[in-house]
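2 protein chains.
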Amino acid sequence: MYARKRVVIIGGGFGGIQLAKSLKNSEFDVLLIDKNNFHTFQPLLYQVATSGLEPGSIAYPIRRVFRKISNVKFRMAEVKNILTDQSKIETSVGLIHYDYLVIATGSSTNYFNFDSKKGKLLSLKSVVEALDIRSFIMENLEKAMLTRSITEQQELINVAIVGGGPAGIEMAGALAEMKKWVLPKDYPDIDFTQMQIHLFEASDRLLGAMSPLASKAAKKHLEKLDVVVELNTMVEDYDGARLKIKGKEDFISETVIWTAGVKGNIPHGLSEEIVAPGNRIKVDDFNKVLGYDNVYAIGDVSANINDETPRGLPMLAPVSMQQGLHLAKNLMAIQKGKNPKKFEYKDKGSMATIGRKKAVVDLPSISFQGTFAWFVWMLIHLLSLVGFRNKLVTLVDWIQNYFNYDRPLGLIIRRYKRKD
Amino acid sequence: MYARKRVVIIGGGFGGIQLAKSLKNSEFDVLLIDKNNFHTFQPLLYQVATSGLEPGSIAYPIRRVFRKISNVKFRMAEVKNILTDQSKIETSVGLIHYDYLVIATGSSTNYFNFDSKKGKLLSLKSVVEALDIRSFIMENLEKAMLTRSITEQQELINVAIVGGGPAGIEMAGALAEMKKWVLPKDYPDIDFTQMQIHLFEASDRLLGAMSPLASKAAKKHLEKLDVVVELNTMVEDYDGARLKIKGKEDFISETVIWTAGVKGNIPHGLSEEIVAPGNRIKVDDFNKVLGYDNVYAIGDVSANINDETPRGLPMLAPVSMQQGLHLAKNLMAIQKGKNPKKFEYKDKGSMATIGRKKAVVDLPSISFQGTFAWFVWMLIHLLSLVGFRNKLVTLVDWIQNYFNYDRPLGLIIRRYKRKD
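Going down the list, the protein sequences come from chains A and B. Here the first sequence is numbered in UniProt numbering, starting from 1 and rising by one per residue. Here the second sequence is numbered in UniProt numbering, starting from 1 and rising by one per residue.
One thing to keep in mind: the hints can contain errors.
Said to hold, decoys possible - Straight-line Cα separation of at most 30 Å, DSSO-like style, residue types lysine-lysine; simulated pairs:
| id | chain 1 | residue 1 | chain 2 | residue 2 |
| --- | --- | --- | --- | --- |
| 1 | B | 244 | B | 224 |
| 2 | B | 118 | A | 417 |
| 3 | B | 73 | A | 143 |
| 4 | A | 346 | A | 282 |
| 5 | B | 143 | A | 5 |
| 6 | B | 417 | A | 35 |
| 7 | B | 263 | A | 179 |
| 8 | A | 329 | B | 185 |
| 9 | B | 143 | A | 21 |
| 10 | A | 185 | B | 80 |
| 11 | A | 391 | B | 357 |
Hints are computed from structural coordinates only; laboratory data are not their basis. Note that the coordinates shown come from a computational prediction; the quantities given were computed from them, not determined experimentally.
Next comes chain A alone, as it looks inside the complex (with noise of 0.2 Å):
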């Protein structure tokens, strides 16, 4: 008899839903696990957080994806062990056998020197933190209102975002634009004049990935909005409400929020000296995890490390997804006795929000910003929304975002208490 092999994949990111979509009707039993039951789509996190979005139109049913391809499976569950040996992992329930394994689990915040005070910091890298951001916000606005301290409403209302990369820029303009447009409607014994917003970045540019002209025009749209940039600049400590600087005047705020790094994911199990810097699993140019057989690692938590890439491809979607629909041909010819191809990257640009009519978009040949390059990112985020109803319901927010400078959603649902 013919035993179908199986192939379990880790994660229902980018990388891991296309991989197993590619795998539709193939020789293989698919087995997608998640800790979650929806795939999330992170670029638009910052929105969700900044009231201008709910969490459903960002967040996508899992099993509602593979409805019709007969050969996946998910499992909602924790992966807590990998047993290389055996061939099998170790989860929430149960162990389960796999001929292939996918590790496809992303990246979290990296808080780097900063760790032991994680607890003070706002993240942004998953659905609940985006409505904490959102809920730790908005309460803070209510304290605001029923103190006559300016310094008391400062430490309320300032909010801080370590690091410059497109997470923070995205925040930093959303914010801004709230501060301009919506908040002195909803709150109107607040002098927002008194709210300040500042970016800060250790490098001497926003947008360390992209070309320069884009850190560049980032840098004058934030600061035409009123978001203080500060380059060049390290954060130290944080209590709670003070950030000290180096070299600067500490920052009063009680709301930072950190995006000034991640790091992979890495499941239990594998050796050692498979992890790269920025905790990622080293791959080879199959994206086959170094020293095992059956063992592959795909998106932000691989890293094939050589002359080219000494640091490893840029942790975005579309790496993800390109090494989801390579992978998934490769493991087809293998299967058929086949050679896998080696995995090429093809980079078809980078882009950025930062707020109403702008955008900083690079594309291989060419870099433009401002109000072309905000339309080709809505665009491109629209289309790439899981569901009809997603991207509709999405552009419904958008629009009346546009006409009205309004964020529609600003509900507390659920309280956010800070861990201290």
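Given chain A, put chain B in place with the hints provided.
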């Protein structure tokens, strides 16, 4: 100097919002207080619980309602005590003085003799509770995928609804439709013909407050959808898995949704003499609380007990809204030295929906059921939602639901842990 008098309203439900809106540009300073920063459109909570709508579609930020009304302010606060002798209320944000106090605190679930078991029951009176029901049901479906035992599966997927009022039958209908059209697509390994949905009602008909025609149609429609309707049936005990039924076989289910009754939320500080049956506040024909000069109560929490209405008016949104509007007029009349008018409820009818193309409508002169009633139900509810954005997004989700026989939102964003 002529000092403006201050009206303090506790509660941002249908009554409180209507009252504050109706006092727009009056001679009063109005302060509206609610523990949430949003108004909840309670009649559609069951659609949030059954993954048909997002919370943001049925909740609306209270501050936004009053943006352009300069004499109405809002505070998010919990009321701890009423000090009627000082005309002050104690809140989580300090003491607040009033000239007129209006209690519009609504109602919450009444567990009657099941009070000691309420930690094991699911309730549907707030957005958080609706999201908890959604998460609990979806998590149990995930668990049911892991067992091959029909008994274990049934315990996880069966649903009991206690109480045959509008909330109970709407919940039962929505769940029955999920069972029929949605769940088999998402959970192919579960045999949903084994899933039982039982609706238990102590009296001899559903929708006791509506016409016998409506009761009969609701029962017929629910039974067509495979809901087992058990009239004249008392639940006796529940241990988290086994629901004991008086004189009948136990019903096995982890999911028991309690919609069997509500009771008024009376704030602390009023005399015990004003408590009417159902924990409501006794008011006179002007909605003034008996025995107090400047304290009023409207909506679910108030009851004008007299020969015509020996149990007070029904606890419905239209009653609250009419009382809010009426009280606003009376307060303005009193302020001008005129006599207040008695409140008279104009019953414009009531309605409930059982599912796709099925609703029951009682108007004062006519009762009708079926597809047209369903369209009326949808139109009324759509128009009653606060805000254009919410109307539009709800319409999008209903259209999608109608044409695809689907429910777009099955996300488990926060796990629900049942208290034991």
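*Restraint check for residue 417 of chain B with residue 35 of chain A, where alpha carbons must lie at most 30 Å apart*: Holds - the C-alpha atoms of residue 35 of chain A and residue 417 of chain B are around 16 Å apart, at most 30 Å.
*Holds or violated: residue 244 of chain B with residue 224 of chain B, Cα cutoff 30 Å?*
holds, 25 Å
*asked:* Checking one constraint from the list: CA of residue 346 of chain A to CA of residue 282 of chain A, max 30 Å. Satisfied?
replied: OK: residue 346 of chain A and residue 282 of chain A at ~20 Å, within 30 Å.
*Is residue 185 of chain A within 30 Å of residue 80 of chain B, Cα to Cα?*
holds, 29 Å
*Given pair status - residue 143 of chain A, residue 73 of chain B, alpha carbons within 30 Å*: holds, 14 Å
*Below or equal to 30 Å on CA atoms is what counts here, so check residue 118 of chain B against residue 417 of chain A.*
holds, 25 Å
*Are residue 143 of chain B and residue 21 of chain A close enough, with their CA atoms no more than 30 Å apart?*
holds, 24 Å
_Holds or violated: residue 329 of chain A and residue 185 of chain B, Cα atoms, limit 30 Å._
holds, 28 Å
*Is the Cα-Cα distance between residue 263 of chain B and residue 179 of chain A 30 Å or less?*
Judged against 30 Å, a Cα distance of about 41 Å means the pair is violated.
*30 Å Cα cutoff - pair residue 391 of chain A, residue 357 of chain B*: Answer holds: residue 391 of chain A to residue 357 of chain B is near 27 Å, not above 30 Å.
_Straight-line alpha-carbon gap residue 143 of chain B to residue 5 of chain A, limit 30 Å_ = holds, 25 Å
The structure fails to meet hint 7 from the earlier list, while all remaining hints are met.
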